[in-house]
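Chemist: Line by line, the protein sequences are chains H and P.
Mapping to this note's numbering: the first sequence position 60 is 289, numbers consecutive.
Mapping to this note's numbering: the second sequence position 304 is 308, numbers consecutive.
By construction, these hints were calculated from the structure, which means they are not laboratory data.
Please read these numbers as outputs of a predicted model, since none were measured by experiment.
Some hints here could point you the wrong way.
Claimed, not checked - Derived coverage of chain H by chain P (criterion: at least 3 residues anywhere in the stretch with Cβ under 8 Å from a Cβ of chain P; other residues may be distant):
id	segment
1	247 to 253
2	313 to 325
3	338 to 344
4	351 to 357
Stated by the list, open to error - So the derived list for chain H, only partly shown, Cβ under 10 Å to chain P, looks like this:
id	residue
5	Met230
6	Pro267
7	Leu268
8	Ser297
We put the CB at the ideal spot given by N, CA and C, even for glycine.
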Amino acid sequence: MFDDLRDLYQEVIFDHNRNPRNFRVIENADRRVEGFNPLCGDRLTLFLQMDGDRITDASFQGSGCAISTASVSLMTEIVKGKTEQEAEDLFKKFHEMTTGKDEQINLEAVGKLAVLAGVREYPARVKCATLAWHTLDAALKNEQKSISTE
Amino acid sequence: MTNFPVEKIRADFPILAEKIRNKPLVYLDNAATCQKPQAVIDSIVHLYSHDYANVHRGVHTLSVRSTDLFEGARTKVKDFINAGHEKEIIFVKGTTEAINLVAQSYGKANIKAGDEILITAMEHHSNIVPWQILCQQTGAVLKVAPINLHGELIYDEFEKLLSDKTRLVSVVHMSNALGTINPVKIIIAAAHAKDIPVMLDGAQAIPHMTVDVQDLDCDFYAFSGHKLYAPSGIGVLYGKQALLEAMPPYQGGGDMIRKVTFAETEYNVLPYKFEAGTPAIADVVSLGAAIDYLNAIGMDKIAAYEAELLDYATEKAMQIKGLRIIGEAEHKGAILSFVLDKIHPHDIGTMLDSLGIAVRAGHHCAMPVMDFFKVPATARASFAMYNTKEEIDVLMNGIKSLIEVFG
Numbered sequence: 230m231f232d233d234l235r236d237l238y239q240e241v242i243f244d245h246n247r248n249p250r251n252f253r254v255i256e257n258a259d260r261r262v263e264g265f266n267p268l269c270g271d272r273l274t275l276f277l278q279m280d281g282d283r284i285t286d287a288s289f290q291g292s293g294c295a296i297s298t299a300s301v302s303l304m305t306e307i308v309k310g311k312t313e314q315e316a317e318d319l320f321k322k323f324h325e326m327t328t329g330k331d332e333q334i335n336l337e338a339v340g341k342l343a344v345l346a347g348v349r350e351y352p353a354r355v356k357c358a359t360l361a362w363h364t365l366d367a368a369l370k371n372e373q374k375s376i377s378t379e
Numbered sequence: 005m006t007n008f009p010v011e012k013i014r015a016d017f018p019i020l021a022e023k024i025r026n027k028p029l030v031y032l033d034n035a036a037t038c039q040k041p042q043a044v045i046d047s048i049v050h051l052y053s054h055d056y057a058n059v060h061r062g063v064h065t066l067s068v069r070s071t072d073l074f075e076g077a078r079t080k081v082k083d084f085i086n087a088g089h090e091k092e093i094i095f096v097k098g099t100t101e102a103i104n105l106v107a108q109s110y111g112k113a114n115i116k117a118g119d120e121i122l123i124t125a126m127e128h129h130s131n132i133v134p135w136q137i138l139c140q141q142t143g144a145v146l147k148v149a150p151i152n153l154h155g156e157l158i159y160d161e162f163e164k165l166l167s168d169k170t171r172l173v174s175v176v177h178m179s180n181a182l183g184t185i186n187p188v189k190i191i192i193a194a195a196h197a198k199d200i201p202v203m204l205d206g207a208q209a210i211p212h213m214t215v216d217v218q219d220l221d222c223d224f225y226a227f228s229g230h231k232l233y234a235p236s237g238i239g240v241l242y243g244k245q246a247l248l249e250a251m252p253p254y255q256g257g258g259d260m261i262r263k264v265t266f267a268e269t270e271y272n273v274l275p276y277k278f279e280a281g282t283p284a285i286a287d288v289v290s291l292g293a294a295i296d297y298l299n300a301i302g303m304d305k306i307a308a309y310e311a312e313l314l315d316y317a318t319e320k321a322m323q324i325k326g327l328r329i330i331g332e333a334e335h336k337g338a339i340l341s342f343v344l345d346k347i348h349p350h351d352i353g354t355m356l357d358s359l360g361i362a363v364r365a366g367h368h369c370a371m372p373v374m375d376f377f378k379v380p381a382t383a384r385a386s387f388a389m390y391n392t393k394e395e396i397d398v399l400m401n402g403i404k405s406l407i408e409v410f411g
């Protein structure tokens, strides 16, 4: 019945929505930033544990739509072990994948985050996918304030 | 359904023949804005093709024609809400501007530090923020009457909040987020017993029921054209003549003056005192066309048909496991707000869209209502006179299917 939506709602997304990874609090986390999407009411808190400039642990709490939940869940998995620079590079590639021009897209460069490429066709849902990454960006820049997609 | 010519009405709305994502459009976002009948579309084209010039200015033929059509629409609005006189009909951009006008003109002139303005917990942001701004400017205090878990005003609490300090009550006639129809006649009578004027936000109520401002005895009534099958960017503020006469202008400019020198300005008479600048001429004229269209069908018939649609939708929705209706007031207009277990309203919105169904997903510009029901957002199906039971079936089947897909 929802054939048209297969590119947007891939099974991986349903899986991460049902069973979000790293859905926990890191006590005494080195970085803790809140992200908020006022349009949908999506709200998340991102926790990072750092060793120098390397992310050793990442987790989140909060509630949102399937796209935003899957996006933050996938993100916490993929950034673990990465340096700040590597994570920022990934953010840039992810951003290009969701909002950039076709020729900029390099699905291989983003690994399993490619399952979120489908939001490109749904402008109203792009913010759902990018909220996690904007929050990460704020955390890496050590901005201890809430960030909003608006 | 009882003799309601819905198929004939549907044929008058060209957009209802659109396909969305290769499916027939099922438009259930009428509380956000309504679609337009051919008669309204034609009236705009006709005006610009044959009768357009600026109003209230020239002596030339077109200006006279345009002015006659413009003022004719004012008379249609006056009759539609049974106001006493055309002077009481002020054309504004919409409900939001109407409320801001009252806040800044009536409010600033009559409300001072320590005074209270009373609203309810189910207001749209447009009936909250203008009063907050006024309170910041004057030192007045905004009071909020609570609602219960059905989404109804707790009337006893409202009455207790009507104090010696209350200078104005502003209440939504029908809630956009919940569908609740407030007992506005009782509210107005109680406020008037204490000499407190009452403003009604009629944005949602106006397309769904007969509104008679003299019978209600409200002091101000605001509504938007675009929810009444007319264009966006045009709306109406009704105000009792004596109140409007005493109020200072809201904006200065052309048309609202009688005589201007650099020393002083004499303001124009009602309603022009509040209509600075060239108005939305074509949109006003087409609001008149929308009213003609609705009058030909009959507002009471529309109300009865929509009540049947809401009953049918509510009954079907209650059969879906995991669906919770937000807003179960006894007196309700044709709005069905709901949430699903573990499925976010935005996912509901996207999934239904893929089936050609347009619903609203979000906070409906009523964040305090969302907070009260402890939900981040709801999905909302809102019905109009051109919707059918069959469309409600399509919606309900869509909801059932997406619940399955989410697992």
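Chemist: State the violated hints by number, sorted upward, taking the hints as numbered earlier in the document.
Modeler: 1, 2, 3
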